[in-house]
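Start counting the sequence shown at 1; every next residue gets the next number (our numbering).
Do not take every clue at face value.
Said to hold, decoys possible - Only pairs whose alpha carbons sit at most 25 Å apart, straight line, appear in this in silico SDA-like list of lysine to any residue:
| id | residue 1 | residue 2 |
| --- | --- | --- |
| 1 | K22 | E43 |
| 2 | K28 | R169 |
| 3 | K122 | G60 |
| 4 | K22 | E157 |
| 5 | K122 | D137 |
| 6 | K44 | E182 |
| 7 | K200 | Q83 |
| 8 | K122 | I103 |
| 9 | K22 | K122 |
| 10 | K200 | R169 |
| 11 | K28 | Q83 |
| 12 | K28 | K122 |
In short, the hints are calculated from the structure, not lab data.
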Amino acid sequence: MDCGEKNWANDPLEEREPVGFKIVLYEKDDVVAVNLLSTGEWEKTSLAAIQYALARVGPGAIFLDIGANQGWYALHAAAQGAQVYAFEPMAENLALLRSSLCINQHLAPRVTVVPAALGTAKQDDCVLFSSDTNQGDGIMNCSPEFQVPEGYVSRQEGLQVLQLDSLMRDVDDIGVIKMDIEGHEIFAVEGGNYTFFQRKVPYILMDSASSAADIFMPFDK
Numbered sequence: 001m002d003c004g005e006k007n008w009a010n011d012p013l014e015e016r017e018p019v020g021f022k023i024v025l026y027e028k029d030d031v032v033a034v035n036l037l038s039t040g041e042w043e044k045t046s047l048a049a050i051q052y053a054l055a056r057v058g059p060g061a062i063f064l065d066i067g068a069n070q071g072w073y074a075l076h077a078a079a080q081g082a083q084v085y086a087f088e089p090m091a092e093n094l095a096l097l098r099s100s101l102c103i104n105q106h107l108a109p110r111v112t113v114v115p116a117a118l119g120t121a122k123q124d125d126c127v128l129f130s131s132d133t134n135q136g137d138g139i140m141n142c143s144p145e146f147q148v149p150e151g152y153v154s155r156q157e158g159l160q161v162l163q164l165d166s167l168m169r170d171v172d173d174i175g176v177i178k179m180d181i182e183g184h185e186i187f188a189v190e191g192g193n194y195t196f197f198q199r200k201v202p203y204i205l206m207d208s209a210s211s212a213a214d215i216f217m218p219f220d221k
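My request is simple: use the sequences and hints to build the entire structure.
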């Protein structure tokens, strides 16, 4: 990882609990960053659930952060002692996450950054877009006829999409999976069928407008 001299838009926000780390964020026009910069908190209930799950699995738990965004959960999990795989396709979010790892050298060895989206099959022709008022909240569309709607901005074209099962083939004993990928969950599950249904992952936490049954039942054979 290149950790040369960086120029950040704002001073890194220091998070002192449970172990302590600093996180690099967007300066504005992003819901996660604005909340963290103003309150120092983001999704307390979800964070507590992940911390509880990691504690139950035990030291060195393997944590998959699918849709890592700027790294809030990934950094917390690493600070708790987990081995983290942070999946994030958006270049701007990746730059912030990698900058945070550069200034938290004690956590960097515990975090593997995977710069890709997850889907049913490998492809490289998808578009990533987000609202101009919530820039880090990337939404993926792989339809060749897709046009970015009004009020949204194309952030990335030719986006790389990979299968979770292919990426995790040699990783044993996954303890916790957190998934928040803006409506694309069903495609990630289809491409991660073995991981989700055969690996016996103790804890799966998901933020989705669809129910868990709608996402998982079509593939749970």
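Hints versus structure:
1. K22 to E43: Within the cut-off at roughly 18 Å; holds.
2. K28 to R169: violated (38 Å)
3. K122 to G60: violated (30 Å)
4. K22 to E157: Outside the cut-off at roughly 30 Å; violated.
5. K122 to D137: holds (22 Å)
6. K44 to E182: holds (19 Å)
7. K200 to Q83: holds (18 Å)
8. K122 to I103: violated (33 Å)
9. K22 to K122: violated (34 Å)
10. K200 to R169: holds (14 Å)
11. K28 to Q83: Roughly 30 Å separates the two Cα atoms, so the pair is violated.
12. K28 to K122: Violated, at roughly 33 Å.
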